[in-house]
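Q: Protein chains in written order, with this note's numbering: chain H, 3 to 383; chain P, 179 to 310.
Bear in mind the hints are in silico, worked out from the structure with no lab data behind them.
Even glycine gets a Cβ: it sits at the ideal position worked out from N, Cα and C.
Treat each hint with caution, since some may be false.
[Claimed, not checked] Simulated restraints, written as ranges between beta carbons of each label pair:
1) Gln207(H) with Pro279(P): 35 to 45 Å
2) Asp270(P) with Gln95(H): 51 to 61 Å
3) Thr93(H) with Arg276(P): 48 to 58 Å
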Amino acid sequence: MEAASPTLRHLQAVAEFGQYALRETDLDALLHEACSQVAKGLGVPYAKVLEYRAAEGDFLIRAGVGWRPGVVGSVRAPANRDHAPGLAMLTRQPVVSGDLAADPRFNPTDLFREYAVAALVNAPILLDTGVFGVLEVVTPERRPFSTPEVTFLQNFANLIATVIHRRRSEESLKAALAEREILLRELQHRVKNNLYVVTSLLGLQANRIGDSAARGALEEVQHRVHAIGLAYGLLQNSQDISHFDLGGYLEALCRTLIGDDKEGGVTLALDCEPAQVTLQIGVPLGLIVNELVSNSLKHAFPEGRGTIFLKVRRDADQISLEIADDGKGMARPAGAGGPSRPRSLGLKLVEALALQVQGILTHPPAERGVRHHLIFTVPND
Amino acid sequence: MTDQCDTPKRILIVEDEALVALYTRELLEDAGYEVIGIAPTGEAALSMASVAPPYLALVDIRIPGGMDGIATAGELRARHGTGIVFISGTLDPPTLERTRPLAPHACLQKPVRPEDLLATVTRAVGSPSLAA
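The shape of chain P in the complex, shown without the other chains (with noise of 0.2 Å):
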């Protein structure tokens, strides 16, 4: 049983760099987006996905703490039914198939321009998978 968020613009953010979950969390709430905050582990995202459930999560995969992004992103998607963006440096195949399972909207690689970041976002918000 998940307790799934249905606010579709309640958005968290996975990141631990602290000046580009600023700079993301500003685009996404310029834009109309509600951001519950920003998580710079896994166990702080579950934390804060507990008391809020967020629809969409934008999830860094290489973050510090025990749990990686991909891992994350299974916990929150398993417990809220979170769709899941994923956001890395890293996006070599062995982890876009780690990633596959949780069928995320997207996975970009950084750099990731704002245009495309909010485009993503925009299309997942709306996603028909997540709307039901």
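The following block holds chain H by itself, in its conformation from the complex (with noise of 0.2 Å):
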């Protein structure tokens, strides 16, 4: 088989790294692949990447092939005009030497005696914010480089800005989404607080009040903001700053709202299957749930007993919530479909809420007590 030439060995190293800065996200890894890959394609045995580090005043070798360990990570190197790496960053273009020992403008580094270096070539990496270091070849050899050779060089020094440059976007990206985050999570603490002040206010209100219909009305109200504080409480423990689990809020408030199951008096019963939702759907239904659950504890149990049930169904992008009792239930007027108690307020917001996430509201019949079903489909997010 013919060997390759030398423009399609650099147009293939150009090619193999391309497709591997791709899947390769480690930097240091894809500098290791950048020497691999300008060694290879100018048949030298050294190449190493350079960084320049302005604090210090050098340049410190970041990656680089056929270096003794030790070296990569650890030597450094001068960044003046004594150097080639130094000119190269300085005048912002490739340095050649093909033969250093009678090459008058630099001085050779220990490392470049170690290793007898006779002929370089840099080039260097340079980004839009300034100078990331210099790309460099060295052999032992004293040979010349093509201006073809060079421009390989300098077009994989170009490549590789652009991949740093890539990673930094994306870098400053993740770090502006993660302070988005902590602002999100930050504006959600401070409603669920001034919803917190609210319910305060109402019940600092209703303390104040003699008549004991207007306290109690005012204590629902209380109530429903509470229903709505809840949901940004678990919002804000949630690991998705976005969605938290329905069947969890409805049991939160549920057992809010009934107190600590205890013999003798009213029971939650819950079969919830898990359910991620938005606040945009969480809180209507919690303030569905917060209506009817109340109306039961109201109404349905006059001698304090019984059981509430509350179920949860997630089926594709369906959710189907089942609120029952099992208390006394409610007399249907003739021709009737639904609940027959006087159309309070309550019931009001439950049939508006349940219109306000697309939902269908039924009240299936019981054999004992009262049903309530409501299914909707969950909007994308």
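Mind assembling these two chains? They're in different frames, but the hints should get you there.
A: Next up, the structure:
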């Protein structure tokens, strides 16, 4: 098989590195791969990337191939005109020396003496924001480097610059996203705290009202605001910044309405499948459950004993919610399909909120007590 | 040596939201408890406690000043043997872990319903761990 021409070798090296850069995210691994490709492409035993360190005013060998252990990551090089990498960085141009011993421009470094370096090419790695460093190939044999070879090395340095630029953009995007999440969580925390202030205000006002009906009305509002605040609280503790588990939320809400299960009192029977929802869906559902459970507690159990059932089912993009009790039930007027208690604000709210989530609310017949069923499609977020 | 309060009903509220603190105070006082004060910061809490050591402190975790609620509760417990109920909007696992050494009676997540708060306080005041 015929050996590939230098130009073809160069194109292959660029193509292979491009593919590698698409799947590798670790910068050190990318720089190492770049060194391997340029050494192979130019037929030299040694290559390295020197990273410029502005604070120290020198270069650090960040990656390389062919060098003994202890060179990459440790050995530094001067960043001045007396050395090829420094000159390449300062002039922003490739620097070539086919016979280093006869080149009056440069002083050899200890590393070059150790490896008897006789010829080199350096190409600066230039970013929009300044110089990242220099890509360098060296060989212990004197040899000229052709213009296509120098161009190949500079093209590779430019490719490395593009990869670094992309990587830094990704990092700054990730940092911005993390910052956004912190701000959003802080905002949620403040909303929840303010809702708590509102419930406190309502409580303070209710304490000053002698009329029990008026006080009861304020307390109902207090419960509704509490239901909203609870959703924000769960969201704050949720791994996902925008979703929380509907069953967990409704359970917490019912527990605060019913209190602890105790023998001879009202108990809660839960059957909830996991269903992640956003605030936009969770809050209306919380308010619906708040009304229906409060209603059951108020009317269904004159003896103070019974069970409230809560069921959540998730099927693909549909969620169904069932709230029921085994209380005394409701009298139904002839021809009516729904509950016959006076149309309280609570039930009006339930119907309006069911509409808000574009759900279908029904009140299926029950052997005992009442049953409410709501089914709706979860919108795409 | 702690200067422990032996009046079971004496309670300190550590809360920087004035209206929340005021409402909590009314709830407790209506239920028959004595609220020795409302402290918006940890430093204010320690100052109030040095005058009238509380048996129980309801402590918000996120409060302004040099000490957060957990550090404040630690000092109240060490100096006066005060029982602690944390009430906070932030009860993530790392925060809960930090409260553990103080063996609080409860950690309540805001918003807390009045019934739950009173039930917790009733349980705490009768707690045998502090009654001795």
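Q: Does each hint fit the structure? Answer for all of them.
A: Cross-check of the supplied hints:
| no. | hint | verdict |
| --- | --- | --- |
| 1 | Gln207(H) with Pro279(P): 35 to 45 Å | holds, 39 Å |
| 2 | Asp270(P) with Gln95(H): 51 to 61 Å | holds, 55 Å |
| 3 | Thr93(H) with Arg276(P): 48 to 58 Å | holds, 57 Å |
Violated hints for the displayed structure: none, as all numbered hints are satisfied.
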